[in-house]
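**Q** The task is simple: from the sequences and hints, build the whole structure.
Mapping of the sequence shown onto this note's numbering: position 88 corresponds to residue 88, and the numbering continues sequentially without gaps.
For the record, the hints were derived by calculation from the structure and aren't laboratory data.
Accuracy of the hints is not assured; some may be wrong.
DEER-style ranges, computed between Cβ atoms [as the list claims (entries may be wrong)]:
#1 Ser122 with Gly51: 33 to 39 Å
#2 Ser88 with Thr39: 18 to 24 Å
#3 Ile105 with Val76: 17 to 23 Å
#4 Ala72 with Ser120: 19 to 25 Å
#5 Thr112 with His91: 15 to 21 Å
#6 Ser122 with Thr52: 29 to 35 Å
#7 Val119 with Glu70: 28 to 34 Å
#8 Gly86 with Thr52: 19 to 25 Å
For each residue, glycine too, the CB sits at the ideal point set by N, CA and C.
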Amino acid sequence: AARSAEGSGELRVWRWDAPSSSSSGPDFLDTHATFVGHTGPIYSLKFSPDGTRLATGGADALVGLWDVAEMACVSVMSRRSKFVRGVSFSHDSRLVASCSEEDGIEISDAQTGERVGVVSVS
1 AARSAEGSGE LRVWRWDAPS SSSSGPDFLD THATFVGHTG PIYSLKFSPD
51 GTRLATGGAD ALVGLWDVAE MACVSVMSRR SKFVRGVSFS HDSRLVASCS
101 EEDGIEISDA QTGERVGVVS VS
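**A** Right, here's the structure in full:
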């Protein structure tokens, strides 16, 4: 995750299994795909255990839910007002949790982004 010159949050993806054709290092470090999904830096990302979703959280206080097969942001949750510090999935990939500097951990449906509840931490 990086911040572009225009200030957008970019998600850069490299193939981890790309072969190396030189002794100077893997070729995949030179090529990657870039996906814009936030208006500021991305601070946290997590793949779902089943590998179908990617959650991202950033300085723009948004949580993005990505379809991994298409690498398309399919849902954006904008219920926070401070930057998102962490995202994670439940063991069955059905729920996504997000936290910021605000009270509580928000729990949402990983397919729709609909809010399921908040876990109080105070």
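**Q** Look at each hint and say if it fits the structure.
**A** How the hints compare with the structure:
Against the hinted window of 33 to 39 Å, the Cβ-Cβ separation of Ser122 and Gly51 comes to about 34 Å, which satisfies the hint. Look at Ser88 against Thr39: about 22 Å separates their beta carbons, and that is inside 18 to 24 Å. For Ile105 paired with Val76, a C-beta distance near 18 Å keeps the hint of 17 to 23 Å intact. For the pair Ala72 and Ser120, the supplied restraint of 19 to 25 Å is violated, since their beta-carbon distance comes to about 33 Å.
Taken as a hint, the range 15 to 21 Å holds for the pair Thr112 and His91, whose Cβ atoms sit roughly 19 Å apart. Between Ser122 and Thr52, the C-beta spacing of about 33 Å keeps the proposed range 29 to 35 Å intact. The hinted window of 28 to 34 Å between Val119 and Glu70 holds, with their beta carbons roughly 30 Å apart. Look at Gly86 against Thr52: about 20 Å separates their beta carbons, and that is inside 19 to 25 Å.
The earlier numbered hint that this structure contradicts is number 4, and it is the only one.
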